[in-house]
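Novice: Note that the protein sequences, when read in sequence, are chains C and H. Going by the working numbering, 122 is the number at position 122 of the first sequence; the sequence numbering is gapless. Going by the working numbering, 379 is the number at position 66 of the second sequence; the sequence numbering is gapless.
These are computed hints drawn from the structure, not numbers from a lab. Heads up, a few of these hints could be off.
Quick partial rundown of chain H residues pointing at chain C, CB under 10 Å, derived from the structure [what the hints assert, rightly or not]:
(1) Trp325
(2) Leu345
(3) Thr346
(4) Pro347
(5) Val359
(6) Ser361
(7) Asp366
(8) Lys383
(9) Leu384
(10) Trp386
(11) Gln388
(12) Pro392
Predicted, not measured: the structure shown is a model, and the values here were computed from it. For every residue, glycine included, the Cβ atom is placed at its ideal position computed from N, Cα and C.
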Amino acid sequence: MMSQVLYSMGAFVVFPGFLFTAAVGLLVAWVDRKITARLQWRVGPPWYQNFVDFFKLLGKETIIPRGVSRISFLASPLIGLIGVTLVSLILWQTNLNPHQSFLGDLIVVLYLSILPSLAIVMGGSASGNPLGALGASREMKMILADELPFIVAIFTPVVSIGSIKLGSILIHQSINGMMFTHHISSIIALVVAFFCIQAKMTLVPFDAPEAEQEIMAGPYIEYSGPPLAIFKLTRAMALFTLPVFLITMFLGGFQFGGLGILWSVVKYVVILILIILVKNTNPRLRIDQALKFFWLRMFPLSIIGFILALVGL
Amino acid sequence: MGKFWALKKSIWVFHMCTGSCNNCDIEILDCLTPKFDLERFGILLVGSIRHADVILVTGAVTRKCLPRMKLTWEQMPQPKLVVGIGSCALSTGIFSPGYNIVGPVDKHIPVHAYVPGCPPKPEAIIDGVVKLVGSLG
Ligand code: SF4
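Please model the complete structure; the sequences and the hints are all you need to start from.
Specialist: Below is the structure:
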């Protein structure tokens, strides 16, 4: 019993929970910055840049503005961090041992993956800054926009396979090949889900909630020091975790034997580079344009995918 | 490793204009272009003063700007550093006879590095930041 508890704690804090996700996430965020720099013909920062940024922010003063609710202001970064850590934990445990997953873990992952966005809304509204509130309201609209197509897209392979356990989805894919190459419905769903995670991470075409040049980082505007560091860390971890979610659902998950590792890394890197390329080649959409994009384009597309899955394609 | 080892490799700057002729500001932005690329050294331009480690002040402080400059400085989290850029910020420069000039900057807030020039070249600004980083210990 005791060793079970210790094992779970270890899994949450070290591998594959917090420390592992944080370290890989910060590294991946560097890849993002470096590729962005190379695309703009710059040299870009060294590989340890995000780690240094994180430790620097930990050493800075935490300012809590006057008239702000201290608890919600300081708790919201932690809520986001816990959400993304748990998502990563469940996904990696399932990938490491598909037979051990529990019923409905997919729904848990879906719910927990909204937490970082909700944390941003909470922090932005708590900060008592007009620009922060504006960013929070845009973030809220962004959640409304991307959540519906995202859920429909994620449930498309569930319908094809007929199981709502992440473990069985992985086992099915390891026997029958990836969803992506065997079902037309899953190809459509992957495209929709790809744009949705772009919006979930508020990366460029959908970064209206934290437009740096326009509303000065929006919800983060009043944050300084350690809470800001935690927000930045959460973003970096999401950049690692959400593509892993897509790979688990559509691209056959991660294999850990022999060449499988290399193949898994290739899948992740391809998705990451696609995300970075979309980020660097698009202008920022206004929030109403983003809403229209998701509701009038992505949602019907995801419904078409869903119907195709229902008829067995 | 000193107290500021992380700060030295990750300086986030906030750009504050207190009534310059806008030429210094353009030179600052020039530092971020592909030719000079300050992100190599971890230097980033941030939009909110709460995220900043260094304020780059340009311009001879005008009467209207003075309270805003002080407020901005007070809103910045510790440890905070100020770099004055251009002759105006250093000594009010060509604007010194002006009726509404209350500068220079270091009369009102502590300045940690001075970059002279009208306007200073990007190389000079980078040199100033490097010397500031070197002085941190
Ligand atoms: S120092 Fe020269 S270039 Fe810079 S703001 Fe003053 S007058 Fe303009």
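Novice: Of the hints given before, which are not true for this structure?
Specialist: Hints 8, 9 and 10 are the ones this structure does not satisfy, whereas the remaining hints hold.
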